Structures are given as structure tokens and as C-alpha cells.
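Chains as they are written, first to last, in the numbering used here: chain A, 13 to 770; chain B, 117 to 309.
Please note that a few of the clues may not be correct.
[Said to hold, decoys possible] Derived coverage of chain A by chain B (criterion: at least 3 residues anywhere in the stretch with Cβ under 8 Å from a Cβ of chain B; other residues may be distant): (1) 294 to 305; (2) 387 to 401; (3) 413 to 423; (4) 664 to 671; (5) 699 to 712.
If you are wondering where the hints come from, they were derived from the structure by calculation, not from laboratory data. None of these values were measured; they are calculated from a predicted model. All C-beta atoms in this analysis are idealised placements derived from N, C-alpha and C, irrespective of residue type, glycine included.
Okay, here's what each chain looks like letter by letter:
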Amino acid sequence: MATTTPEVRPATDTRQNVGRRGFLASAAGGLTLAFFIPEVSRLSDVEAAGLPGQVNAWLQVGTDGSITLTIGSSEMGQGSMSGLAQVLAEELVVDYAKVKVVQGGPSLVNPVPVGAAINTVGSSVIRTNFWKMRDAAASARETLVQAAMNAKNDQTRSDFTVSNGVVTHVPSGTLLPYAQLASAAALLQPAANAPLIPDSQFKLIGKTVPRVDIPSKVNGSAKYGLDVRVDGMVYAVIKHCPTFGGTLASTPSVPSGMLAVVPTKVFAGTGRGTEVTDNVNAVAVVGPNTWDTWQAAKRLNVAWNLPSNAANLNNAKFLSDAQTLLTTATPFVAGGANPAGTLYTVEGAAGNVTSANTSAAKIVEATYTLPYVSHACMEVLNCTVNYVPGVSCEVWAPTQSAKAVLSLVIAMTGLPASAVTVHTMYLGGGLGRKAEVDFVSQAVQVAMQVKKPVKLMWPREEDFTRDQYRPMGVIHGKAGLDSSGNILGWSYRNVSPSILGQRGVPLGAAGDSQGIEGAVNLPYNFGARVTEWVSHPSPIPVGFWRSVGASLNTFGVECMIDELAFAAGQDPYQFRRAKLTDPRWIAVLDAAAVLGNWTSAPPSGRARGIAIGAAFNSIVAEVVEISNLTTTGLRVNRVSCAIDCYIPVNPGSIQAQLQGGIVHGLNAALYGQQTFVSGVAQAKNFNKSRMIRLGEMPQIGITIIPGPAASDRSVNIGGAGELGVPTFAPALANAYFKLTGKRVRSLPLFPGATMGGL
Amino acid sequence: MAAKMLVDCGYLAMARVWGLTRRGYRSGSKDNRTQSLGIPAKAKESNLTTLTLNVNGANRTVSVSDPSMPLLWVLRDLIGLTGTKYGCGIEVCGACTVLIDGQPEHSCVFDTSSAVGKKVVTIEGLSANTSHPAQKAWIDHQVPQCGYCQSGMIMSCAGAMAAGHHGSEILGELQNLCVCGTYQRIKEAVSTL
Ligand code: FES
Ligand code: FES
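Required output: the full structure, derived from the provided sequences and hints.
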């Protein structure tokens, strides 16, 4: 429910009309769906008022009975646009097959209106919008029914039924399609407290329905950011200082055949770590087409000033700093400076653990090391901008955060929001990297200089070497067991660069919430516990990478648990099962064990490992079966995965997302890392960042724990997009131990693996 | 979206940017151009090579300044067929796969001049109405996630099918990289082909 007062459109806006105004006025304090977003009037074409049949900003009912839903999530392969359409269609009671889905633009209104672009991060699209979408759609449905009641002069709701977008007046048998009711409904006060469809009557939620974007993705018609073509467009190719922290020494002259060389600076709010606001850390070469411009950029000799600390920006140094901090970090002081290297106690107390462990029969201790990892989205970073000085700015971007793009463009151009249009294009993978807007700010800078439509591309080599990487981490676990295998005290410390800290977020006593995900609130009976996080000083830019902190911590926690199980002489599955205190976790663990045939011996030459974890409100367990270990690789034969996400909206999409997440986790665990020599990233393309190909694909089985018979809206709905990732690496490492007797305490397993050409 | 297809040649766009008509660009006086652009005359003296390609059954004439411009960029930037994707540029990922005389090739390294006189088929030209069996299988099995690799994947598959291969034979030829990890559904889709 929005409580925002609607802003008034500029008087010159021809789309304003009286009916709308009346609706807006009556809607104040009512439903979000009733609002225009006047300052940000590019919600979509749908929003252009005066269209007959427009019920609200996100719902358009055509006179032909077509239903158009404006959906604000970015589509990067997770099917969330379809998922939201599914939720809306369920409550609207319309035929999903007839629903047309349109991409919504961003809005600065808070809370974000239905239909406007939402951040597509944290596997959040469904889980954070499920109830909001249902409320909005139910209200729209009841408003349409109210219009029918008015038309029939019968105010008895029970005289009306709704099916397939048609309201039936039962006593008279009159059929009133939404198309006939929409114009009248648009003038009504939106229905408040509209009842939701009971779970038992779901026709769409919980069913696998085809994704709306897929046909366009098999015939070349889907338009990704990099596919944008604007009349009169020129092409820009970025060339960064190869060394993080470096700045432009002098602007090179324009190469022959090129239009311009534009130095680009780090715009406020977009820089991380070494990349300080206003540093000119790149140049964009502008020319007639991608290839010629790219070649000119490659040949361009650019003089850079290297940072004085360049020699320190090395993996060996990062590792030794982290190892030192495992024992020497200074505790957080409220109100203090708390520089990098500060120790944050996130839960529990170290003293209690120490005393609990004094009676331990065994102490188990281990240190785990995880690397920086690149995002390596299949589509490189890119952005297209058409800037008309002082008049307008239109941006096409493969972005997970259209709203951040909008705010950025307003800040950069000084234009009002009404003069800025943001088109969220399909993303050829987002993985967290496209939630950043550094590449957008560069494209805007170039456009403002050349004053022509421009498409800026990062060549693959720039994409790898100028990433905001998954942070490295060094994790130390120490726990005591009594003689029956009970855990007496658990201590866990993760030293890792701070994602939020690099974004200027002040860190409170609990440190960086992103850094500690997957390590806290674990429903294991640990006895006494302490969970600590230490901010690592490395200034290499870090960012959100599919599953974020859980990708580090679930590895640390679940490898440690496995080591404890072994020390206790117990089966790793049964050991976990006995220690878990949350029945949902136990059910998920059991489901994975069943699917992975845990209790029967694996085929000869194979071994299994198990792990469980939670992230984004979902619980996931995986059993990984491996074989054929060589010095350069191993075979992952099977992965058996179980998830409890509370309400599985589209099981087919959840299955696909888990499969994808597992491959993502697999690539990272076996091969994924970015290394730095004097501030220069070393892996520059896929050939130096091996990933599996089709022939190496394991057989993946998925069990989805069914949703509740009657859902409780106070229970969080879980995500799926990132959930395949965190438990894969520990389950693999635990299988590796079973196979070889050797623990995997450092990832990736096969550093430096390369990938041959096709 | 205001995007419109640019045909012919990237230099047409440049000519517009520089305030020149295409005609002016080609025949205008050297001094004029030099002054108006502040760019050495030599730049615009670069010899444009004109090539005629058969793409998806139609002849397309393009002009390139750099005859080594790979087919990928000719297709995407000069002809406006953006279904063929750039992933790595070094023949590792396969996102750029097209068929040349029925053979899957990596357009990111394929010399455009070598495509002259051959039949180039891109994802856009694979079938009318998305009716190629591979495309239908991809939809039936809901294969794509982000979808960015899938043009190349499907073209590789179509090449294998054109060579008379089926099922697991095709799988052996699908070496394209999919960062989203759609391989399991690809296997399921291909098993029907
Ligand atoms: S772009 Fe051609 S193989 Fe990767
Ligand atoms: S579907 Fe995204 S890379 Fe293959």
C-alpha cells in the first residue's frame, strides 16, 4: 500500500486527463497500483494515459480481451518476469497464455509501485514481491468485479464469479469480460482488503508454466543490451588502466578513423576500493563500428600514472594479510574509527566458546582459503545512451538496477527524472555484476561529450580485468567435541574484504551483513558459539556475486562440520542430522540424502559428499558424487539437490535455476579465480578461466519441498536464483575427502586451469 | 524502443555524426573533411572494401575499412543482425556460431572476405516462424536461461543436424560455453532430435 502523495504531472504533459486526475486524487493513500508515477512517466507505453481499458499503471485490458502486465524485474535468465506474471495472473484470474508481459521502467517513488522496475538482486524478485503482487492483482480483480456489480445494479458480491478474465453475474447469467469493465473500473476507488485466492484453488502458482521470454531467445529476436541499435549511433570501446588504482597521465590523441577519445572518470557512487571518485581510470575510444573502434583502442598507447601501492596489490600479500588478521585483528569499538582489519563479533562470545571447549575430548581446527572470482557474464558490460543536451537522456542497459541507473543519470546530467528514460534490456547474465552502474556512468560521459547516440562496450578482456570480484576470504574454524561427538563450542572467523564497506556503508558492531551471510543463525546445536568477521584491507574492487557471502561461508561452515563428523567417527549425513535443530533443515537434508542414495554405497571409484545451507530464506542441501580424479580435474557425476523455498511459484524455473546455480558453483569450485600481480588482473578471457562444457555436465536431480497447504504470509518466501551455488563447493570438497582422504581447504581445486579453443 | 536498424555500413553513421552526407563523405573535398572533423585526412582516405555476402538467402553489400573485420561484427554492426553474439572473440565460447555453407563457424574470427560466395545463415535465418526442430525442442524443454549463448548453441546443433547427426552424436559437437549452465536441458532437448 502506498502512502506517497502522487506528484502532479508537468502541465505540458499531454497525457494528463481529468479522469486520471480524479482517480489519482481518490487513490491517495489507497493502492499503489492506482498511482501514476508522474515524475517518472516512462513506466511503459502502457502507462500513457487515455488508453481505453487501462485499469492502472501495470494492468492494461485490451478491447480484444488481451491482458498486458507491466513487470519491473530485470530478466537475466531466472524467469522472474514470467514468475511475477504468473502471480499476477493467478490473482486476476486470467488465462496466463493470453497475458502479454511488458518491461516496466524505474521509478523513484518509494515504495516502488507495482509494474515499476525493481532491483533484481538477492534472488529477490519473487520472494519479496509475492504478496505485494497478489494484493495488487486481487485489488484489481475486485475493482473489476465492482464495476460489474455497478453495471448489473447488484451489490451482492456472492452473485458474481470470476473465471478466465470474465465476470459472471450468476442470477442473470450475464457474462462481463474484463475488456468491457476496464474503463469503468479505472474510475473506481481500488478495492481495499481484496481477498486472495486460497492456496487450494491455485491454478498457476506452484505450476510449471512456460517462460514468456524463451521463444525470442531461440530465434535471435531477444534484444540484449549489446544488441541495441539507435539511428545515428556511434560505438565506444572502453580501455581501462590495466592496474587497479591507476589514472590517466595524458589524453591520447584521436587515432585515425576514430571520432574521439573520451577520458572517463569514476563518477561519485560508482567506484569501489582502488577506484576513487573522480579518478580518470579509463578512456573510451569512439568510432564507426565495434571492430574498428576496438582495434583502435587496442593499438592506442595510453600513459597511466600507477598507484604507489601497486606492488602490494598481489595475491600473496592479500593472503598473508588475511592470515595475520586471523589472530591479530583489533575488536570493533563503538564510535571508533574501526579501520580495515577490525574484528566484528557477529554472534556469541569468544570467551564462552573457550570455556566450553576446556572439557573437550577433541579440538578440530582448520583454515580455508577462497579466491577472488570474476563474474564472467556471457554478455559483456555495455550501455547505450542517447543524450540531447539539456533536453533528454535515453539509456538502454542490461541492468539489474534500473532505478540506480535513473538516479545516476539524473545526477550526471542534471535533467529532471521526467526527461530521463531507462530501458532495461535483456541481460546476457547478470550474476550481481550488472547491479553496478559504473559502465552506465562511462557511457553517459561519452554521450555527453560526443552528443550523439553511443553504444559503449567493454571487450571481454576489460570485463574480466575490471570486475568487482567475489571477495576472497580466509576462514578459520575451531570446535571442540566431547567423547560422544557432541559439539561443545564452535568458533568461526572469516577475514574478507567488505562489499558494503567499499560502497561507503558504515559498518556497525555486526560488521558487513554480506560478509557473514551463511555463517550466522545456523540451526546446529553448537553448544557455545562465536561468529566473527574481520574486514580485510585489500582495495581490489569487490561486489555481489551470485549468492554473495554464502558462497564463502557455506564452504567454511560445511567443510568444518564434515571435519567434525570425521573426528567424531560419524557419518557426515547422520552427524548433521543429529545436530540440526530446525525441522525444515532436517527435511531438506533428508530429501537430498534420499535423492543422492546416500545410504547405499556409490558405484566403485566414486565418492559422495554432502552439505546444507541457507541463503535468501531458502534452505538447500546437495549430495555431490565424483570420480576420475586427475591432476587437472575430476568428474562430477551426479548432484542431488533439495530445496525448501516455502512457496515454489514455478517449479520448472526453480529447477532450472538450481541447475544453473550448481554449474556456477561447480565452475567456481573447480577452476574459478582471479589473481592479481601488482594490481593487474591476470585472467583476461575464458581461456584462462575454465568452465565446464556440455560433456562435463553432471546429472542433476532436484527435489522441491512442496509448499504449505495454506501459506502464512508472515513466513519468508525463499529465493532460488542463487541457491544452487553455496552448498556445491563444500559438498564437492567433502566428496573429495571421501575419495582421497585429503581435505580441500583452498579453492579452486585446480587453480590455473585453462580452457582450450573450440 | 527507438532503435532502428542501420543498414549498409557503420561509416554511414559516422558520416551522419560528422555532419556529412554519405555522398559528401565519399566525394567531398579532403580539406573540408579535415577541417570539419579535426581528424587527419588519411583517416577518411582509408580504402573501403566493398563485399557482397549472401546472408540468410539475401545478398547484402557492405563496406569495410578493415578487410580483416570478422564476420561477427559485419553481421551485427553493418547488417544489423544482432542475434549472433559476441562472447569471447577468441574462439573459446561459440556464442558467435553461424553456418557457412552449412558448416558451423565461429564468426568472431571468420574473415568476412572468406564468406563471399558462400551461404551464411544466422539464427535469424535458421527458419521461418521459429520452426527449426532444434528451436522447437529448445522451447519444449525450456532450455534458455539468459539465452545469450543459445543462438550459437542452436546454430551448432543445426549444423550437426544438417550433417545428418542425431541425439548423442549432436551432443558431442555441442562444445559451446553456457555460463548459465543450461546443459542438462540441452541434453534433454537434443535427445529428441
Ligand atoms: S565469440 Fe566467437 S567463440 Fe566466443
Ligand atoms: S543461457 Fe545464459 S549463457 Fe547459456
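Evaluated hints:
1. 294 to 305: holds (count 6)
2. 387 to 401: Holds: 6 residues of the stretch 387 to 401 of chain A have a Cβ under 8 Å from chain B.
3. 413 to 423: This one is violated; 0 residues, fewer than the three required, reach chain B with a Cβ under 8 Å.
4. 664 to 671: With 4 residues in contact (Cβ-Cβ under 8 Å with chain B), the coverage given for the stretch 664 to 671 of chain A holds.
5. 699 to 712: Coverage by chain B holds for the stretch 699 to 712 of chain A (9 residues, Cβ < 8 Å).
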